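Colleague: Between the sequences and the hints, there should be enough to build the whole structure, so can you do that?
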Amino acid sequence: MGGKFEDVNFKSTSNLAVVSIGLYEHVGNSYRRLPSSSSNLLMFLAHLPDIQRLEIQSYFLKHLAIGLVPRKLPQPCLVLNYLSLWISFNDLDEVLTAVCILKSSHALQELEILLGENWNCPIIQLRLVKLNGILGTKRELEFIRFLLLSSPALERMTVKPASVDYAWEIVKTLLLFRRALVQAEILYVDP
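So the sequence shown is numbered by my numbering: it starts at -4 and just counts up by one.
To be clear, the hints were calculated from the coordinates, so they are not data collected in a lab. Some clues are possibly wrong.
List time: in silico PhoX-like cross-link candidates among lysine-lysine, alpha-carbon distance up to 25 Å [to be verified]:
1. LYS67 x LYS6
2. LYS125 x LYS167
3. LYS133 x LYS155
4. LYS155 x LYS67
5. LYS133 x LYS98
6. LYS167 x LYS155
7. LYS167 x LYS133
8. LYS125 x LYS67
9. LYS98 x LYS67
10. LYS125 x LYS155
For each label pair, taking beta carbons as the anchor points, the in silico distance ranges come out as [what the hints assert, rightly or not]:
11. ARG48 x SER158: 29 to 35 Å
12. SER9 x ARG122: 24 to 30 Å
13. LYS167 x SER9: 45 to 51 Å
14. SER79 x LYS6: 20 to 26 Å
15. VAL159 x ASP88: 26 to 32 Å
16. GLN178 x ARG48: 24 to 30 Å
17. LYS6 x LEU73: 18 to 24 Å
18. ASP45 x ARG151: 33 to 39 Å
19. SER15 x PRO71: 18 to 24 Å
20. SER9 x LEU182: 21 to 27 Å
21. LYS6 x GLU150: 20 to 26 Å
Remember, predicted model here, so these are calculated numbers, not experimental data. Ideal Cβ placement from N, Cα and C applies to all residues, glycine included.
Modeller: Take a look at the structure:
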């Protein structure tokens, strides 16, 4: 599902297992009308207890970041095993929302990040990570480090920079991360 909308509310969807959703218009400050104790993220996931595959595209992560985002979800995503996120690492609200989802997804096995400090929670079953469009910013590299250090079952991480301009610095950083992590294979893909 994708389009221009102000709110999304799933009802009678307790058996829904796959959701792919995108918001095609930037979420501006005019959308910040929630009471201080409310959260778009909590309202969105409240009716999706059996979600197994979730794709959050375009500006929808920004929409989910509106309101109070908890450190972890009160009801974890117990069967979510695939997560795809379009994220801007320059937007702290989006990063914190993504971290909240990750901390609450104990069955997560595959994570895909598409790019347009309190991250010490293990992601027990995460096995594969694909990162495309990396610029090598400090937040991106901290996020990669978080994934490497927090994912004991991680088998492979594939990193593809946005362009060759950023490649060398990213490779050097990945080599440093690799020394701290023995079990995962880190693949670098030329842009």
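Colleague: Using the C-beta atoms of SER79 and LYS6, is the stated range 20 to 26 Å upheld?
Modeller: At 24 Å between Cβs, range holds.
Colleague: Between LYS6 and GLU150, does the beta-carbon spacing fit 20 to 26 Å?
Modeller: violated, 38 Å
Colleague: Go ahead and decide if the range 29 to 35 Å is satisfied by the Cβ distance of ARG48 to SER158.
Modeller: holds, 30 Å
Colleague: Measure nothing beyond the straight line between the CA atoms of LYS167 and LYS155; if it is 25 Å or shorter, mark the hint as holding.
Modeller: holds, 14 Å
Colleague: Using the Cβ atoms, figure out if ASP45 sits within 33 to 39 Å of ARG151.
Modeller: violated, 27 Å
Colleague: Taking the Cβ atom of LYS6 and the Cβ atom of LEU73, is their distance within the range 18 to 24 Å?
Modeller: Given a distance of about 20 Å, which is inside 18 to 24 Å, the answer is holds.
Colleague: Need the status of pair LYS133, LYS98: alpha-carbon distance at most 25 Å?
Modeller: Given pair LYS133, LYS98 holds - Cα atoms ~21 Å apart, limit 25 Å.
Colleague: Next pair to validate is LYS125 with LYS67; report whether the Cα-Cα distance is within 25 Å.
Modeller: It holds: about 23 Å lies between the C-alpha atoms, which stays within 25 Å.
Colleague: Regarding the pair LYS125 and LYS167, is the alpha-carbon distance no greater than 25 Å?
Modeller: holds, 18 Å
Colleague: Has the given pair, LYS98 with LYS67, been kept, meaning a C-alpha gap of at most 25 Å?
Modeller: Holds, at roughly 6 Å.
Colleague: Does LYS155 lie within 25 Å of LYS125 when you go C-alpha to C-alpha?
Modeller: Answer holds: LYS125 to LYS155 is near 8 Å, not above 25 Å.
Colleague: Does 24 to 30 Å hold as the CB distance between GLN178 and ARG48, or does it fail?
Modeller: With Cβ atoms ~25 Å apart, the hint holds.
The structure does not agree with the numbered hints 4, 18, 20, 21 stated previously, though it agrees with the rest.
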